[in-house]
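**Student:** Next come the chains, spelled out residue by residue.
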Amino acid sequence: MIKIILMLVFFICSGTGGEIAVTYGMKQIGEPKSFHPWALLRFLGRAVRSGWVWFALPLLAGSFYSLLILLSWAPLSLVIPASAANYVVGALGAKYILKEKVTARRWLGVGMVSFGVILVLATG
Amino acid sequence: MTREHRLRVKTLLMVLLMVVCANLGDLILKVGMKQIGAVQMSAPGIWQALLSTIHNGTIWLGILFLIGYTLCYMTAVSWADYSYVMPAGAFGYALQTILAVSILHEVVVAKRWAGVSLIVLGVLLVGQTKPSTTDGSQATQ
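Protein chains in written order, with numbering that gives the first Met the number 0: chain G, 0 to 123; chain B, 0 to 140.
There may be inaccurate statements among the hints.
Some, not all, of what chain B presents toward chain G, calculated at C-beta under 8 Å [unchecked claim]:
{"#": "1", "residue": "Ala37"}
{"#": "2", "residue": "Val38"}
{"#": "3", "residue": "Met40"}
{"#": "4", "residue": "Trp46"}
{"#": "5", "residue": "Leu49"}
{"#": "6", "residue": "Ile53"}
{"#": "7", "residue": "Ala99"}
{"#": "8", "residue": "Leu103"}
{"#": "9", "residue": "Glu105"}
{"#": "10", "residue": "Val107"}
{"#": "11", "residue": "Val108"}
{"#": "12", "residue": "Arg111"}
{"#": "13", "residue": "Gly114"}
{"#": "14", "residue": "Gly121"}
{"#": "15", "residue": "Leu124"}
Lysine-lysine pairs mimicking DSS-like chemistry, simulated, CA-CA at most 25 Å apart [stated by the list, open to error]:
{"#": "16", "chain 1": "B", "residue 1": "Lys110", "chain 2": "G", "residue 2": "Lys2"}
{"#": "17", "chain 1": "G", "residue 1": "Lys26", "chain 2": "G", "residue 2": "Lys100"}
{"#": "18", "chain 1": "G", "residue 1": "Lys2", "chain 2": "G", "residue 2": "Lys94"}
{"#": "19", "chain 1": "G", "residue 1": "Lys2", "chain 2": "B", "residue 2": "Lys9"}
{"#": "20", "chain 1": "G", "residue 1": "Lys26", "chain 2": "G", "residue 2": "Lys94"}
Negatives, chain G to chain B, calculated, CB over 12 Å [said to hold, decoys possible]:
{"#": "21", "residue": "Gly24"}
{"#": "22", "residue": "Ile28"}
{"#": "23", "residue": "Ser33"}
{"#": "24", "residue": "Pro36"}
{"#": "25", "residue": "Ala38"}
{"#": "26", "residue": "Leu39"}
{"#": "27", "residue": "Arg41"}
{"#": "28", "residue": "Leu43"}
{"#": "29", "residue": "Trp51"}
{"#": "30", "residue": "Trp53"}
{"#": "31", "residue": "Leu66"}
{"#": "32", "residue": "Val78"}
{"#": "33", "residue": "Gly115"}
{"#": "34", "residue": "Leu120"}
Source of the hints: derived by calculation from the structure; they are not laboratory data.
Note that the structure is a prediction, hence the values are computed from the model and not measured.
Just so it is clear, CB atoms sit at the ideal spot from N, CA and C, and this is done for glycine as well.
One chain only, chain B, in its complex shape (with noise of 0.2 Å):
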């Protein structure tokens, strides 16, 4: 195995495990919210909420997937290009909607299907301009 494809095969899989964990993390802090309930938008039920949340076990799991998220982002871009990673995050919308579907029993209309779909290709097509369009050291997003 030559080292370009040892980068290559081994970025793929940091790819995926970023992938997996935040659809995971997403997922797991939406059955978390579902334990605690509708937030109500007064003081005291956004207080309340707070403390709920800060002692519900199923949040902190979500927050964990997500710092696993993190780390696995910044080592992906670390070895490959942003413009090699971020797709991933595009089908990751995508995929969250599957996985509500699928696991969670949302109903998706057509309507929201066609929105994701949208989303998924101008995300992509963001992803693919040129990461830098000015000169010097002015980086953008």
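Only chain G is shown next, with the shape it has when bound in the complex (with noise of 0.2 Å):
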């Protein structure tokens, strides 16, 4: 059990990490002008060129890996339940990394996946 713990902390951080670099990177390339070919193409040559997309890709397909290994170890229905602690990852690193104000009712609803998640996990 501590192993498929272990590998959905993985799963979940990478995961993340992966999204808040291509958020940031995104954020620094700017949107498309325009749906042109070319004004797509000239989107797409900025988005390589972009250190933190590059940064993100080996997270994302890490992440997905990780998904992998864990369904090859865990039945589908404590895998895909469990990864819902992305949530409480996500308002944590909301709340301190991007100082977002979090309501008390988002909270709850932390707590009420937190618990879910840790009912889902004991019965693995």
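Hints in hand, dock the two standalone chains.
**Tutor:** Here it is, written out as structure tokens:
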């Protein structure tokens, strides 16, 4: 069970880290000026030159591969609900990294998700 | 049919397609990993499993469904609010558990059902709060 929990932590942290890096990268690149093929190609060219996008790719690939490893070890009915723990990491990241104000209602939701994930993992 | 009614119907259909793609994608990935077997936590074991996943058609089919999910999700949120699309994601956790029981014949005890129910309610609660709680242009998750 410990190895499942450790892999779940890696899956969630690498996935969230990858998404944050993509968000940073895309904010620096800016949106495509139009949907004309040349504009989209220029946009793709800017994305390819972004360090953040290259930083995100191995993290997202690692996250996907760790999901496959988790699915090889544990039942689907355990892995997918347990992956909801990313809501908890997301809320903590929003509060402590992005300095967002997280409402009491959102904390209540996060608390319910956390308790739900603990219950699901306890059946593993 | 009014424009609003048309938008509602097509968004609902896109959200349904999104849920189907996400759940089928995960289900097919599980089937593919069952074919490959449990990954051994050693460098050769991880490398061997990586090669097996690359050469497994079932895994690629699962990935195709997950790409379909991403496209449906992007389309749905371009038509409707995130708070309208998001609850489908919450119910996906319950639907996935039902599929695991009915198709993969997994045994789900009452405690796991209770956990899944709490997760669904918690995700719904998180999604029903204001999407932005900061001043200026900062956006929340």
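**Student:** Which numbered hints turn out to be false for this structure?
**Tutor:** Hints 4, 6, 18, 19, 31, 32, 33 and 34 contradicted; others consistent.
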